[in-house]
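S.K.: Use the sequences and the hints to build the structure in full.
Chain residues, written in single-letter form:
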Amino acid sequence: MHLIENINNNLKENEKVWVSITGYRILLVFALLLEKGRTVQELADILKTNKITSKSFSDDTVRLTIKTLRMAGCDISRPCSSNNFKYELLNMPFTLNSTEEVIDLIINLRNRYSQDIKIEDIYILNSLLDKIMKLTENQVLIDKVHDSAPMENLKKLYKELSNPNLVGKKVSVLYSSPKFDNEILDIIPQRVVYENGKLYLWCYVFKYQKFSILNVERILKINSVSIIKNSQFYDSYEVVYKLIGNALADFKQEINEEILEKTDDYIIVKANVSQEFWFVQRLLLFGSDFKIISPDFFKQKLIDKIKLIKKGYVND
Amino acid sequence: MTKSDKSYDTALRIFEILKILLEKDLSKFDLMEEVKDNSLFANIYTAEAFIKYFNTLEILGFKIEKSKNIYKLRNAFYKINLTNEEKDVLISFIKYIRILHNNEIETQLRNFFYKILKYFPEKNQNEILDALNQNSENLDDHNNLISYIEKLISEGQQISLTYSKSNKTIETIIVELKHITEKNGNFQIVCNDLSKHRNRKIYLNSIISLKQMPSRIKNVECSNSVVFKLYGRLAKSYKLKEDEKMINFENGYLIVSNYGNDREGLLKRLLKYGENCKIERPQDAIDDFIELTDDILQNLEGG
Chain A
1 MHLIENINNN LKENEKVWVS ITGYRILLVF ALLLEKGRTV QELADILKTN
51 KITSKSFSDD TVRLTIKTLR MAGCDISRPC SSNNFKYELL NMPFTLNSTE
101 EVIDLIINLR NRYSQDIKIE DIYILNSLLD KIMKLTENQV LIDKVHDSAP
151 MENLKKLYKE LSNPNLVGKK VSVLYSSPKF DNEILDIIPQ RVVYENGKLY
201 LWCYVFKYQK FSILNVERIL KINSVSIIKN SQFYDSYEVV YKLIGNALAD
251 FKQEINEEIL EKTDDYIIVK ANVSQEFWFV QRLLLFGSDF KIISPDFFKQ
301 KLIDKIKLIK KGYVND
Chain B
1 MTKSDKSYDT ALRIFEILKI LLEKDLSKFD LMEEVKDNSL FANIYTAEAF
51 IKYFNTLEIL GFKIEKSKNI YKLRNAFYKI NLTNEEKDVL ISFIKYIRIL
101 HNNEIETQLR NFFYKILKYF PEKNQNEILD ALNQNSENLD DHNNLISYIE
151 KLISEGQQIS LTYSKSNKTI ETIIVELKHI TEKNGNFQIV CNDLSKHRNR
201 KIYLNSIISL KQMPSRIKNV ECSNSVVFKL YGRLAKSYKL KEDEKMINFE
251 NGYLIVSNYG NDREGLLKRL LKYGENCKIE RPQDAIDDFI ELTDDILQNL
301 EGG
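Chains as they are written, first to last, in our numbering: chain A, 1 to 316; chain B, 1 to 303.
By construction, these hints were calculated from the structure, which means they are not laboratory data. Don't take every hint at face value.
One-sided and incomplete, this derived list gives chain B residues near chain A with beta-carbon spacing under 10 Å [stated by the list, open to error]:
# : residue
1 : Tyr53
2 : Glu86
3 : Ser160
4 : Ile208
Where a beta carbon is used, it is the ideal one built from N, C-alpha and C, also for glycine.
M.R.: Set out below in structure tokens:
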């Protein structure tokens, strides 16, 4: 442990400082037990080599030290054959005190924040908050934070579905379809997205011969993964677009996108588009705060679409 | 009481002080106040005794900083080891606290992170601390604007608001300010646009100027309602959003009334639906929608 490693270096040679030797010894034993369980002999050996406590360490001193630690609120096991005659620290008095109100605020903040970040980062945050909550040793609060973690129940499946090895492969999944109950679907996974508190998988579905969105919660298991022998089932092309104005605040990079340039005033993004319908919808959500840099055929397609939408009003 | 018992009492007192320092930063006087009713400290709480306790903790490796007479414990017995990814996510999460724009809640959350700071490895502590401090410092200008708008709201005058539109044109409108809201970490002002008699949301960073007008606000009730019609599969699968109700569903189309405040956001969403959607009323919403399509076409055709 960090403290123990440096403990002999914290006092310079011949430096005289007014300290409580007993207090020092007891806290040192506490730090040693925090690291791992130790026998009386192990504790005595360490204390003998310590600059401050370097004297014999009797069984009585051990007993009194442990007693004091217990009085201070430490739960320390009795040495016996089942624990190799070691004192083990089971619980300690130093816990992070936090109210349920603050924990609720953390949970709410996490839920809002999760809407704005990458899925991988949501999982990192979940595990980090779990680690922090362990400091409270309050099981109710620990469970509350853990149980409210977004998508935690889908972590394993998410990792499987977003595995880069699946790119371009045919994956057979057991899917709990709202219409057809459980059915086996052959898909080519494209991307997993988190929207409105749910995980969705964009994928090419062989049965429908088109791209669809599957609710990841309904994917019961991945049956098999196989290599596709024939040529591609769908086309893809690259679009370079530029975002300005309020779109900068709304932009969330997707996995099929690469940021080419970013300033305070604009972002230039290259997207690999295999699902044109989805991509057009994504662009239109930016309102008038986007421009298409290339290719021209896509720009023209978009112009035609906007003109068609406008026609519905102007001709009335 | 034997000498030995006294020594062990000293150890217990050091434990108590450590517990207190783990919880909060405080002055020596505050520390004495904290322990004055604790029988362990009866007649012991002198300044000299506390120096001895601090020395003992420091020799054990605890770093106790003193700044402006406040003692701050900078490390704890055990660490939460952070990977680089975890550190980056944590810092970004801490910075996100600002979106709350509620001083009381922000303070509670910041205090929580200050408290756990000492459990992180020392190499990460400064960066995390910077995020906690920077949070408020960098936002001073932003917070000043928010405070100014809140002051204007409380004074109840009509406001001449000049802002930059998405197409970079500048527009001045007379509004009655309602409140401030947030979207994806960006603040927006919600107001009644008195010329168009409807609610608007305007991003704070697009505001150029705000000028109080002589007229008091009249709390004009603006109708926000936008009625739109959906066709085809979209009509069958459409799920009503918050602030929406169904007016009619027949002959394969669905008519929806949206009475939310975010007209701009709604129009972009309806645009996304393409030819499967048509705005029915009011006329100013139709005009705004056409203006939006014109702006997009100008961007696309303009190069």
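S.K.: Mind checking the CB of Glu86(B) against every CB in chain A and telling me if the closest is under 10 Å?
M.R.: Glu86(B) check passes; min Cβ-Cβ to chain A is 5 Å, inside 10 Å.
S.K.: Closer than 10 Å between Cβ atoms is the bar; does Ser160(B) clear it against chain A? Give me holds or violated.
M.R.: Hint violated; Ser160(B) Cβ to chain A Cβ min 22 Å, cut 10 Å.
S.K.: Is the hint on Ile208(B) kept, meaning its closest Cβ partner in chain A is under 10 Å away?
M.R.: With a closest approach of 14 Å, the Ile208(B) hint is violated.
S.K.: Let me know if the C-beta of Tyr53(B) comes in closer than 10 Å to any C-beta of chain A, holds or violated.
M.R.: holds (7 Å)
The structure is inconsistent with the numbered hints 3, 4, although it conforms to all the rest.
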